[in-house]
Amino acid sequence: STGVRLDAGIAVLPHPEKARGEDSFFINGGGYFAVFDGVGGWASMGVDAGAFSRSLAANTADAVAVMLSLEGFGKDTASDLELALETGLSEVTVLGSATACMLYISSDGVATILNLGDSGFHVFRPPSSADDDGETIRPAEEARPMQLVAKSRAMQHSFNFPYQLTSKAADVAAHQLDLPSDGER
1 STGVRLDAGI
11 AVLPHPEKAR
21 GEDSFFINGG
31 GYFAVFDGVG
41 GWASMGVDAG
51 AFSRSLAANT
61 ADAVAVMLSL
71 EGFGKDTASD
81 LELALETGLS
91 EVTVLGSATA
101 CMLYISSDGV
111 ATILNLGDSG
121 FHVFRPPSSA
131 DDDGETIRPA
141 EEARPMQLVA
151 KSRAMQHSFN
161 FPYQLTSKAA
171 DVAAHQLDLP
181 SDGER
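For the sequence shown, the numbering used here begins at 1 and goes up steadily by one.
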């Protein structure tokens with residue numbers, strides 16, 4: 001045992017005026033997690049931003065499931081996250097866009113993250129110290145002080161215009177498209 005334990009949970013609580021919400025996610029038992037934040041600006045054009053994020057989540061989760069069965073998958077997890085997101089995006093047929101934050105946690109507790117947009121992530125860890133013999137001393141379980149050890153930066157073209165993945169249906173000029181490869185690793 002590596003001593004690594006992950007407790008994960010997700011709740012989507014949409015604004016009361018947004019029936020199903022604009023955001024989506026997936027959790028894969030193989031250590032893959034993703035959150036997709038649908039861009040609400042589409043609502044002014046009568047587009048359900050949540051339909052795009054839900055489609056992107058479902059398609060990307062399907063891509064991860066297929067890729068997990070392939071030989072060689074998992075050798076370069078940053079590239080695997082990017083490929084799964086590219087594959088998922090290529091299958092979206094509805095209008096819209098979303099930011100994306102994907103995470104893979106290996107069995108030995110190493111995290112690989114791909115973030116595109118302004119949703120991002122924070123990693124907190126209980127501080128530890130070493131005694132005179134170099135043995136790690138962990139704080140008491142009930143104390144649980146936490147410290148920030150890593151976080152993403154907001155990726156924005158300008159104020160309130162985050163990097164975002166857009167469907168082909170949006171018919172956006174190629175020079176305006178953000179791609180999974182533009183994400184922060």
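For the record, the hints were derived by calculation from the structure and aren't laboratory data.
Think of the CB as a built atom: it goes at the ideal place given N, C-alpha and C, for glycine as much as any other residue.
Each hint should be verified, as a subset may be incorrect.
[To be verified] Using C-beta positions, here's what the derived DEER-type ranges look like:
#	residue 1	residue 2	range
1	40	146	28 to 34 angstroms
2	108	169	36 to 42 angstroms
3	16	79	39 to 45 angstroms
4	159	17	37 to 43 angstroms
5	182	7	29 to 35 angstroms
6	93	147	39 to 45 angstroms
7	147	45	42 to 48 angstroms
We went through each hint and held it up to the structure:
| no. | hint | in the structure |
| --- | --- | --- |
| 1 | 40 x 146: 28 to 34 angstroms | 31 angstroms, holds |
| 2 | 108 x 169: 36 to 42 angstroms | 41 angstroms, holds |
| 3 | 16 x 79: 39 to 45 angstroms | 40 angstroms, holds |
| 4 | 159 x 17: 37 to 43 angstroms | 24 angstroms, violated |
| 5 | 182 x 7: 29 to 35 angstroms | 31 angstroms, holds |
| 6 | 93 x 147: 39 to 45 angstroms | 44 angstroms, holds |
| 7 | 147 x 45: 42 to 48 angstroms | 43 angstroms, holds |
The structure does not agree with numbered hint 4 stated previously, though it agrees with all others.
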